[in-house]
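Undergrad: Put the complex together from the two separate chains, hints included.
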Amino acid sequence: MSEPVIKAENLDLTFQTNDGPVHALKDVSLDIMKGDFVSFIGPSGCGKTTFLRVVAALEQPTGGAVSVNGMSPEEARKARAYGYVFQHAGLYPWRTIRGNIQLPLEIMGFPKSEWKDHIDRVLDLVDLRGFGKKFPWQLSGGMQQRASIARALAFDADILLMDEPFGALDEIVRDHLNEQLLELWDKTHKTIGFVTHSIPEAVYLSTRIVVMSPRPGRITDVIENTLPRERPLDIRDTPEFLEIAHRVREGLRAGHAYDD
Amino acid sequence: MKSALSILTVIAALIGLWYAACVPMNIHEAAIQAQRAGQEVTPAEAPERRKMGRIALAVKNPGLWRTVYEQDRPQLPAPHQVGAELWKTTWGMVERGRAFSKRSLILHGWITLSATLLGFAFGTLLGIVLAVSIVHSRAMDMSVMPWIIASQTVPILAIAPMIVVVLASLSVDDLIAKGVISMYLSFFPVVVGMVKGLRSPDAMQMDQMKTWSASRAQTFWKLRLPSSAPYLFASLKVGVAASLIGAVVAELSLSQDGGLGARLLAGSYYGQTVQIWSALLGAATLAAVLVWAIGLAQGMTLRRMGFQR
Ligand SMILES: Nc1ncnc2c1ncn2[C@@H]1O[C@H](COP(=O)(O)OP(=O)(O)OP(=O)(O)O)[C@@H](O)[C@H]1O
Ligand SMILES: [Mg+2]
Chain A
1 MSEPVIKAEN LDLTFQTNDG PVHALKDVSL DIMKGDFVSF IGPSGCGKTT
51 FLRVVAALEQ PTGGAVSVNG MSPEEARKAR AYGYVFQHAG LYPWRTIRGN
101 IQLPLEIMGF PKSEWKDHID RVLDLVDLRG FGKKFPWQLS GGMQQRASIA
151 RALAFDADIL LMDEPFGALD EIVRDHLNEQ LLELWDKTHK TIGFVTHSIP
201 EAVYLSTRIV VMSPRPGRIT DVIENTLPRE RPLDIRDTPE FLEIAHRVRE
251 GLRAGHAYDD
Chain B
1 MKSALSILTV IAALIGLWYA ACVPMNIHEA AIQAQRAGQE VTPAEAPERR
51 KMGRIALAVK NPGLWRTVYE QDRPQLPAPH QVGAELWKTT WGMVERGRAF
101 SKRSLILHGW ITLSATLLGF AFGTLLGIVL AVSIVHSRAM DMSVMPWIIA
151 SQTVPILAIA PMIVVVLASL SVDDLIAKGV ISMYLSFFPV VVGMVKGLRS
201 PDAMQMDQMK TWSASRAQTF WKLRLPSSAP YLFASLKVGV AASLIGAVVA
251 ELSLSQDGGL GARLLAGSYY GQTVQIWSAL LGAATLAAVL VWAIGLAQGM
301 TLRRMGFQR
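Sequences listed follow chains A and B, in order. Residue 67 in full-length UniProt numbering is what sits at position 67 of the first sequence, and the numbering runs on without skipping anything. Residue 151 in full-length UniProt numbering is what sits at position 151 of the second sequence, and the numbering runs on without skipping anything.
Hints in this document: simulated from the structure, not taken from any laboratory. All C-beta atoms, glycine included, are put in the ideal place defined by N, C-alpha and C. Take these hints with a grain of salt, some might be off.
[To be verified] In silico DSSO-like links for lysine-lysine, alpha-carbon gap of 27 Å or less:
no., chain 1, residue 1, chain 2, residue 2
1, A, Lys134, B, Lys210
2, B, Lys222, A, Lys134
3, B, Lys222, A, Lys133
4, A, Lys26, B, Lys210
5, A, Lys26, A, Lys7
6, B, Lys210, A, Lys78
7, A, Lys7, B, Lys210
8, B, Lys210, A, Lys112
9, B, Lys222, A, Lys116
[Unchecked claim] Distance ranges between label pairs, derived from CB positions:
no., chain 1, residue 1, chain 2, residue 2, range
10, A, Glu9, B, Ala150, 50 to 56 Å
11, B, Met142, A, Gln16, 21 to 27 Å
12, B, Met142, A, Arg229, 56 to 62 Å
13, A, Thr17, B, Leu5, 54 to 60 Å
14, B, Met204, A, Ala254, 28 to 34 Å
15, B, Met300, A, Asp127, 32 to 38 Å
16, A, Gly167, B, Thr285, 52 to 58 Å
17, A, Lys34, B, Asp202, 30 to 36 Å
18, A, Arg121, B, Met300, 31 to 37 Å
19, B, Ile149, A, Asp127, 48 to 54 Å
20, B, Thr301, A, Lys134, 15 to 21 Å
[Stated by the list, open to error] Only part of the chain A face toward chain B is listed, based on derived beta-carbon distances under 8 Å:
no., residue
21, Arg77
22, Phe86
23, Pro104
Chain B extracted, bound-state conformation (with noise of 0.2 Å):
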């Protein structure tokens, strides 16, 4: 209840910090257009307004202010008018039984999803193939670790469109092209916290297993495996994130399939802000349903499995 109440006040703060800032945001075009109207503005000059910063602006004129929330392509849209546009491109789809139109937020987020979970089923599979030959390899340790770490540090936004373009050329699937992009961005955390997760068991747990002459894939199957699941759901639901972001970027670059990052860019080519920031907030809020669900999972299997109480 109490933490209900603190969670709300900080959404409430944040939303009024956001209106707030929307004033300084909008006002030159709020201007602009209240001259058209034939309204008085101080200074009536556009260069000098410009010189003179916002903040000051909009504190000599107020009379402003309440346009700042009306305007069509602001350059940042009210919370009220990206929840309009939200509700109005997926509810509001859903109403008149078009769910699955090229408008629908709803659709678009679909192609997000499926895209998402392909890497990062995909990049958890690739993440655990990988810490596991580590874990059991000094060679593997040695030679491929040094690659992974590598690989997170190449900007995801410049090469994306180069392996959309290969996996173009060999003719794969656009949604596996994008569901390779997610993998990328996903497999590195599974990794970190798998190979942390497969070496957490301590000394004395070892040499139990030595003093019943386990063999390795036993030590493996009975003890590592097991005591890695706290770590693995820790990387998980980073990896989920991470996958989502690959998804978005990946879209960019095909966006003639749609998809959350396709709504991005098009909003941002016709200065459909309140476009953008709708597709960043349903963006966000997947990604939370994301790792809240992993959260879940990640509840029940370590309570069963008795790490946690």
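Here chain A stands alone, though its shape is the one from the complex (with noise of 0.2 Å):
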């Protein structure tokens, strides 16, 4: 068994704020082996954000460990090893979609003359070829998506946290680029942390969902997907599919129920 790529020990976050100190990460657990693709998801508030941020060395964790690589998250990040997708694209109006993806590359110091392989593929890889010369005002949201994916890419990391990166896109939009987020999670080997309000979505596109719930935000459960690799869109009305939904949907209630 290889050592996970990203490993949590016992994390607690709280934040201090005016209204006093708000616990945001209790006493969480978890390991994501390479290769995986795990979705979390939970109500408003739960921490999901938050557990990302802290893999991503945006939030240091006021209790318990993590590792990325084997690294602190810090390290990490410096040695590229992870890519981060916001909600909102985020691309920058005066560059073109070759020039937004190029701004990591500028920013890590790649050679100037490999930024054009770099774009090249992962322009291939989100779909958008022959859209590189474009401004991303010139682009449906869910192509400036991709944009931000392609972008998130382009220095090699072979982590990819997302967080709810297809929110803001509507349903059908959606599914298409779920569909396309598998291809190329099937095409890169990469390992994919992904957070998400939706269960469909969850179970489409996870090896194991984790199903977090707030105040304090922990993991209420951990549940492993059976489905094969292969999974065409339809694959959502079979019985299998149904029932994995439901068993998240029975550990959302279950953490709910703490609350109240």
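TA: Structure, rendered in structure tokens:
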């Protein structure tokens, strides 16, 4: 058994706010293996974003430990271990799509001669070949989000952390992007951490589904997804799919019952 | 088309108002002149006329209305008088091949413009440098910002002569002295706008930079600076107008060099109201052209940068 790519042990994070301390993460332990596609699901405020941000070294835990590829999150970031995709595409309007994808390459100091190859490759991966010279406002919301995924992939990180990347998109576009994301994951063997509010999305995409619950934010269930890796969109109507979706729903309900 | 019509309507209304205002403003002088020419004026005594007020006097003497527009030194010159003076001192001078003579508004406009642009260039530079240091250093933010704000509460009219005297004693060139006062007024909007612009990237954009381990310099050049462009242009428009005011005020103290401010001063010295008004309108036109030019650059740049479509 190989070492986990992301290893969280008894993570605690308390934010000190004006209204008193907010316990965003409590005793969170989780191992994510190489090539896993792990979805995080749970009601608003349960700490999904916070967990991803701790892994990405955007937030410091107040207790416990995380390691990414056996390093601290900061070291992992410097080693370009992960790409982070935010809910909002956040493309720069003054740069073309190519220019946007080039941005992390410039910042990380990739040699100029390599830029073109990197950009071409990730544009292919997200199916945006031919749109490189366009400006963000010339693209639909779904295409912009694909461009932002391409940007996160541009520097060959092995881990992709995605915080509700499709949350602002309509259902049809979302289905399409889910399909593409699976394809991309299959081709690239990345390890993916994916936050969502949608049960079908979580079940369709992941190898494992982490169910969380708020106040304090904690993991209440981890569900292994037994669906095959090959997943056409209509797998969502099969009994196996509905069975897993049901288990996720139960897990969410159980987490809530705790509360009241 | 429709907006052109409404602009013309507003201008026509303003000119109409101006003409109307000329009647009460110039009625006393009109009465005096009419009496000298042997005409009847009611009431005949000047002190009585003063007591009854301008409007009442105008109503009593409709025969005087025409002459209020034909005086040499009216209290309020009529639009066509100012227009004629403007024409005479600009295009009229060009026609006579004396565009840069002392009596030409083109020469004086040019003198004001050069001080304005000099001060504006340095003001913009100073504003940007201050904004960058304020955004990057908390100490600068805490210590310098209050002084910058305090600097703008000092009435420029009061300190301009002092600055001029000090700089003259250091034998600084007059143009630079005027530029300093322009700079003093124009750097402020640039600082305020640039600080806001450089801070305009949101938390997500800053986090994104962090996930790429971007340095402060990289964040500045690739994110903060481009993000500030819309704010910069908005402040430049305010800044250039302020710079022009600074130049005119400076010219009141350095009137021997000419300029629109010097024309204003000379006009008020000799009661040449027509000259005052034409210098005033000249300055307003200059300001409008400068603001318009920056607006043009703004439109082009921001469209190209994708901020506007
Ligand atoms: N920087 C912060 N300062 C203070 N409190 C914070 C901060 N970030 C998050 N929190 C709090 O921590 C808790 C968890 O927030 P988090 O954003 O991780 O939730 P989430 O599961 O991502 O919710 P959502 O589904 O709405 O995105 C919330 O109660 C939130 O208010
Ligand atoms: Mg969230």
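Undergrad: Could you tell me which of the hints above the structure violates, numbers in ascending order?
TA: The structure breaks none of the hints.
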